[in-house]
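Colleague: Chain by chain, the residues run as shown.
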Amino acid sequence: MSNDNVVEIEDLSFSYSSGRQVLSKINLRIPRGQVVGIMGQSGCGKTTLLRMIGGALKPSQGDVRVFGRSLRDMGQEQIYALRRRMSMLFQFGALFTDMSSFDNVAFQMREHTRLEEPMIRDLALMKLHAVGLRGAAHLMPSELSGGMARRVALARAIALDPELMMYDEPFAGLDPISLSVIGQLIRKLNDALGATSIIVTHDIQESLKIVDYIYFVADGRVIAEGSAEEVKASLEPYVHQFVWGEADGPVPFHYPAADYVADLLRGTRA
Amino acid sequence: MTQPTSFAFLRALGARTINAVWRLGFATRFLLATVRHTPAAFRRLPLTMREIYFAGVLSLTIILVSGLFVGMVLGLQGYDTLARFGSSEALGVLVALSLVRELGPVVAALLFASRAGSAITAEIGLMKATEQLDAMEMMAVDPVARVIAPRFWGGVISMPLLGALFTATGILGGYVVGVVMIGVDVGQFWSQMQAAVDFREDVMNGMIKSFVFGIAVTWIAVFEGYEAPPTAEGVSGATTRTVVTSALVILALDFVMTAFMFHGVR
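If you read the sequences in order, they're chains A and B. No gaps in the numbering here: position 167 of the first sequence is 167 in the working numbering, and each next residue is one more. Basically the working numbering = 1-based index in the second sequence + 1000.
Rather than coming from a laboratory, the hints here were simulated on the basis of the structure. We treat Cβ as the ideally placed atom computed from N, Cα and C, and that holds for glycine. A couple of the hints might just be wrong.
Looking from chain A toward chain B, a few residues come up when the C-beta cut is under 7 angstroms (computed) [claimed, not checked]:
| id | residue |
| --- | --- |
| 1 | 84 |
| 2 | 111 |
| 3 | 222 |
| 4 | 260 |
| 5 | 262 |
Residues on chain A that point at chain B, a partial pick, calculated with CB under 7 angstroms [claimed, not checked]:
| id | residue |
| --- | --- |
| 6 | 54 |
| 7 | 80 |
| 8 | 83 |
| 9 | 108 |
Put together the whole structure using the sequences plus the hints.
Modeller: Below, the structure is given as structure tokens:
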């Protein structure tokens, strides 16, 4: 059973060197072939979690296993070898600004394979075609709209047919059409490539349409999990506030501050 | 209660010192990592060539124009002084030695730091701020090998060539003012220069200076870019630090190297 999990995280805790604890005792499993959402407020530790799966950060406690191998004692070479089997879409695409869309997509092929240039050309154009941007192959990142840049980044992420795809806020700052296009692409590409996907996001409505399973993270802990239907029906106060977008609830509207009246009166006295 | 000001000052001073030592150590490890990736930079020769183009070829205008003017000013000032002692025909020697030993390497390096060093820092800093370096790392491509090493070697290779070109145009400037405009004897100008400028003592030492400045400036530039906080303010601060630190390091290194190189050989 555990062999079917691409990612397994056990009792994972992480604190920065400043002592600030970001994640505490996280447990989660990402089964092969599924699209799994990790949701929560901005700053709750979602991106940190993704970086730990990619081996960019080491756990303070607990373990992360990817493709059945523990990342804890891996050296740089082994982590790089593992990363060739996975891919990540960054929040704003992170396209290389000194290269055209085509060269961005061809980048990993040129770095990691010994394919001939005509073959790389065909493959890169196929990847761009899959996201609908073959015609934009020659454009530089500065000439692309936000949604197009995200799609080129997606084409770049699938360049070497990764087994594990990670998406860091793939819907941030997109118009409704681009949002829906990216959402559908994530699902379709996952199924077509036989990959496994992890989406870290706070865009609940769009992600509920495409994910198989959801983990809710708040204050560095998993507070709820389940399918899209289970999450929608959840009575857990935090999940309820999050899913229905209520302004006040367990997550308060006001940032902690001194007493309002006392604060205002202090100004008049001075 | 607040602490006495002197304690706060001491504490701030201590913190700054520790921070400076820590950064120096980190920068040294970073330089070693960059040098370790030298084969990667030359395996990707087109990348290093591209950096030579950006750091070297695109700096040519400022280097050549400045060299010409510095040489012309040397011609004017040098003639004025030498004429008082009746030895204006030694103008060629004065112009050439000033440029070859000092002004060529130093002024070219200062210009290089403000033109190319700042550009390198800003580019790497922005790549970091827009997560391009993180993305590269996640693609199992080491940014130090792919981004830093080619830029480092591009700068190190360009600097001595720019220094030499600065010196050459400077001498040309001195010739134009001294010989063409003022009328110093052309034969004296060149023959005295040829006799007085030693290839090993002067030209080679000047080239060594340029090479060392190239390493220093490019090292500072790539390190500041790589270490820049990923914000607009962070990148602008790093760019400023590149220019300021480079200038101070160039002048300090110049003094040390001059003390070792020209200890009364003549």
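Colleague: Which of the stated hints cannot be reconciled with the structure, identified by number in ascending sequence?
Modeller: 3, 4 and 5
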